[in-house]
Structure formats: C-alpha cells, structure tokens
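The listed protein sequences derive, respectively, from chains G and U.
Each residue of the first sequence is one higher than the last, beginning at 0 in numbering that gives the first Met the number 0.
Each residue of the second sequence is one higher than the last, beginning at 0 in numbering that gives the first Met the number 0.
The hints are simulated quantities; they were obtained by calculation from the structure and are not laboratory data.
Quantities reported herein were computed from a predicted structural model and do not represent experimental measurements.
Any given hint could turn out to be false.
Pairs count within a copy or across copies, as identical chains cannot be separated in the list.
Lysine to aspartate or glutamate pairs mimicking DMTMM-like chemistry, simulated, CA-CA at most 20 Å apart [said to hold, decoys possible]:
no. : residue 1 : residue 2
1   : Lys-228   : Glu-209
2   : Lys-228   : Asp-154
3   : Lys-228   : Glu-202
4   : Lys-228   : Asp-92
The lines below spell out each chain.
There are 2 protein chains.
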Amino acid sequence: MRIMRAAFASRFDADNPLAALTVGEQPEPAHPEDDWVTVQVRASSINHHDLWSLRGIGLGADRLPMILGCDAVGTAPDGTDVVVFPLVVDPGDPRGMSILSEHFPGTFAERVAVPRMNLLPLPAGLSATDAACLPTAWLTAWRMLTTKGRVDEADAVLVQGAGGGVATAAVALAVALGKRVYATSRDAGKRERIAQLGATALEPGARLPERVDVVIETVGEATFDHSLKSAAPMARIVVSGATAGHEPKVNLRRVFAMQLEILGTSMGTPGELTELLTFCAEHEVRPVVDSVVPFGRIEEAFARLHSGAAFGKIVIDHTA
Amino acid sequence: MRIMRAAFASRFDADNPLAALTVGEQPEPAHPEDDWVTVQVRASSINHHDLWSLRGIGLGADRLPMILGCDAVGTAPDGTDVVVFPLVVDPGDPRGMSILSEHFPGTFAERVAVPRMNLLPLPAGLSATDAACLPTAWLTAWRMLTTKGRVDEADAVLVQGAGGGVATAAVALAVALGKRVYATSRDAGKRERIAQLGATALEPGARLPERVDVVIETVGEATFDHSLKSAAPMARIVVSGATAGHEPKVNLRRVFAMQLEILGTSMGTPGELTELLTFCAEHEVRPVVDSVVPFGRIEEAFARLHSGAAFGKIVIDHTA
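Given these sequences and hints, build the entire structure.
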C-alpha cells in the first residue's frame, strides 16, 4: 500500500475543531469500483464543510480517520489537467450521494481517487489555484443564483454576510451577470472589498433602497429576518448554509402573504459546474481569493478560515 | 343609495373576533370603474381570513365598516350563473392587489360589486353552494398542490391539520389526483372523516411510512418541524397559512442538506380557478362541506369556524 501526505480528521472537537486536525501519512485511496481513477492534486481549497467535519457534524466517528477537502484541481492519469466534481454516488447516504471527505477520502492529500466521470477538463486561461475555488463554494453560489434563484428574472440581489467563499462568489457572479447587488458584512474592511467587487456594501440589517428578487443566505439566525423583510413579492431566499445559527424563527405570515420561496440547496450538478467553468472562462470572471497557502502549511488555512477574517477563498497549493 | 343586508366588521376584537361582527344594513357597493358589475349573491363561504379581519389582522381601522366574505357564486346582470374570482387589482396594496373584504366590500351581502373580468361561468353540474367553496380555500389548495407543489412529480403528499377548508380541499384534491395522501388531525372524529376521503389519517407528529414529496402546511408552529422531518429530498413544503403560530423555528440545516423548498402562496390566479372548476366538474370532485347555514343566521357560521370543530367548508346560502 502506497503512503502519502494528507490532512485528516483524527478525532472530533466540537469546541476547537483545529485541535482535531492531523497532518501526516495516510494510505493512498483505493478504487471502490473499476471506473475510478487517481488524480494527482495540484490545488485544493478549504470550505466550512471541513471545519464542520472536524467538529463531528456530518461525519460519523466510524469514518475516522478521514482525509478532508472537497475541492481539487489536478492531473489525470492521462496527463491532462482536470477539475474534480466532488459529489460521488453513495447508496449508503440518505441523499443518495456524498461529497468527498464524507465517505470517500478527500482532496487534502497528494492524491485523490474519484470516478472517472467526475473529471472535467480545466478550461484554458483558468489557473489551477483559481479553478480549485469552483467545485464547491462557487458551484454552490452558481446554483443558488441560477437554477434555484432564477436570477435571469431578477433585477436585484442581496447577499448576506459577504465574506465567506459562497457569499463572495455570489457577489462576484451576480455582478458579472449584470444585476444590482447589495451585500452585507459586519466588518468595515470587508465592506470595502465588497464595494471593489461592484456591489453596494451595507451593514447587517440596513434598509435597502429597493426590495430584491433573490437573497443569498449562508448566515442563518443573525440575518434571516432581514432577508425576509428585504424580499420583493415572489422573491427567492436561497439557503446553502447557516454559519451563525441554523434555527431562525421564520415569519410564515410574510412568507405566504408575499408568496416568498425559501429554497434549500447544496452543491450542484456536473452540468452546473461545466456551465460555471465556461462562464468564468468566457467572461474572464476570476474567483475571489483570500490567500494561497502551500500544502505544507495547510494548518494555517484551517486557522484562517476558523478566524472568520478571510474574504473569499483560501486556496491550498499542492505544488509549492 | 340602495341599502342591503350584510355581515360586516364594525370594529376589531383581537381576543373575541365574534364580538366585532355586525349583521345589519349597509349601502350597496359602488362601481369604482366603468367595467365593474354588481352580482346578486346566491351562495358564499367563510374563511379564516374573515376571522382575522375581525381581529384587525390585515384590515386597517380606516376601512371600517367593512363587509366581510371572499367567496361568492351568484347571478350576473345578464342573468347567468357566475363564480366570482375574489382578487381585485389594487394599486394601493404592496401586493398590487387585494382580496374582496380587504379594500373593496366583500360577499357576505345581498350584492357584491367586482370587475366584469372577475366573473367565471359556473360549470354545469356544480351547485351554487358547492362552487362557493372553490374561489378561496379550494383555489389556494389547488395552487399549493399544482403550481407550487408540482404534485404531478410527486408520489406522496402530507396534509397537516386536516380539518380546515384549505387542508380538507388538499386531501380531497390530492386523492382525486391519484396520490398517496397522509393527513394529520388531533381530533379522532376528524381522522375518521379524513379516512373516508381516501387518505391515511394520522395523529400529529406521527412517523409516516414513507417520506413525502409535497407537504401542505396551514398550521405553523405546531406542525412545522414534523413537516420538515417528513419531507423527502427535494420536497416542497407549501405554506398558505398559520392557524397555530406563525413563527416556527426552522431547521435550516435540514432545509439545505435535503434541498427542501418552503413555498409561500396565497390564493391563485383566474387561470388556476378555471382549471379547478373544470377539474371538479370533469372528475366529479365535490367540496368537503361541513355545513350550510342560511344567510339570516350567518353568525352561526362565524361561531362554528371559530370553534375549530368544522371539518371542511362552512357555506352560506343567500337564497334560504
């Protein structure tokens, strides 16, 4: 059995997830089926999903040790550059599928194994580190705006808590799609970055100059009522996460009187990822990158994400 | 000015809405525009909306006295039998329209004025008292199941609190559409009635034998968590009311992990009402009628709805 370097959850720590992270040697992942291939990872990026796994949310103790990481860009066995679609069919999961690092080993390693059909070509003009932002956070934001939010029918979009990977992706994509974009952050520095992306930056809870047709919600309790109040009749409040409280009280009277839609979503499809890759390449949209960390110092990436200070994606360079 | 008998809100009473109801004389409604007509009301039906109005919810004090009632079947000026579509364009309302009894006088009267385009022909074979159930509660249920719930893609439907007009309509319509239908009620007698409609009757909170694709929610806090837990991946929880608490805590983690949709809706369109009238006539579906009360004793209809004892619609016969 070949051995490789990897960053993995060796145990759970609900209070201090960073303490549950181990960087060390792990066996190279096996191929559960004949159609799986091994990709040499060139770049990955970190998501809140990785911190939740270290807390023991969404990952069972029977799965430990588990290599973390959902996103990867790498080199396929035939030598081509590929972007890895991170969802794998998983009959044992109630959703019918799981994301890399939930059941099958993740991408924070020298190599990752996935079904061959999960490999998408890296478009010309996109760097490996940029493309490593796309398969999870940016894909989630793309699906939130397009398939779920029906942004083509929208004039204005509100993005709550615009600092995280999904939220900054939603800001950049909605601006690129030509929408009027409002985005909130508690942090003055992040509001400045939001404005640089072409959106109107607001403090949390601020009254918008207009009601919006799409709200991008990844915050939860702290912002949910403001999301409902900012919504135009028939608006879509699209929810893919809840970093600040996952059980908001929801005013159903407003939901039915205004005919609002609260749409849960998670990740996206291979077709949506292909659309996103094409959109970024053709419109020269580049991911909002907070920082690029060498794989040898991946603990720093976890610490920065956990600190809440990041604006945009934290990328791991596996070639550095 | 002609005078007529009517049931109207003369004041508000948040605790005892029945005390705010007056039956007496009111001026015959005017025609705000040339294209309005006056319909001689033959049958109407009562909705929770009428009780909310008496509590002062959704109706401003500046609108008093206000004739209540949303539903009407009657005789048009040309002598034909018509069903009245109850939504009227209302530029002064944030929704762009209002329902009869919110701004324009309602149907609990000898006569009601509406735009001519709001008149739909009464299909052959439907009685006036049956058809009087359709324009509000049954229309709401029809839109919840079809346009919002996409019931054509569903195998199983859960209806919460199946005693009220919308919920019993949803049970009857979903059964007629060939779906497996589960419906909850706290009341053993109502569960018996649910079973007679062809659904599987359950106590509130009971574990279903399968996850459902569509949930019909008109209850709110008391049932909302059960609605989420009973939902299959990608299910639609359609909400048109909240008779038992309008601010439930909503588990967003479940909403996004299962990609659930919480869809607020209110009433429907003239096209949907036409579909519903045709469906009921062609499939010989008849509304679930709790009781028919003569207009002269309309206070009894309000009291019965307020008691919570009704199963199905309470109809008012204006010809009795």
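Results for each hint:
Taking the closest pair of Cα atoms, Lys-228 and Glu-209 come within 20 Å of each other only inside a single copy of the chain (11 Å); across copies the shortest separation is 35 Å, beyond that limit. Proximity of Lys-228 and Asp-154 under a CA criterion of 20 Å is satisfied intra-copy only: 17 Å inside one chain copy versus 34 Å between copies. When the C-alpha separation of Lys-228 and Glu-202 is checked against a cutoff of 20 Å, the pair qualifies only within one copy, where the shortest distance is 15 Å, while the shortest distance between copies is 35 Å. Taking identical chains as interchangeable, the C-alpha atoms of Lys-228 and Asp-92 lie at most 20 Å apart only when they sit on different chains, with a minimum of 16 Å there against 36 Å within one chain.
In this structure, every one of the numbered hints holds.
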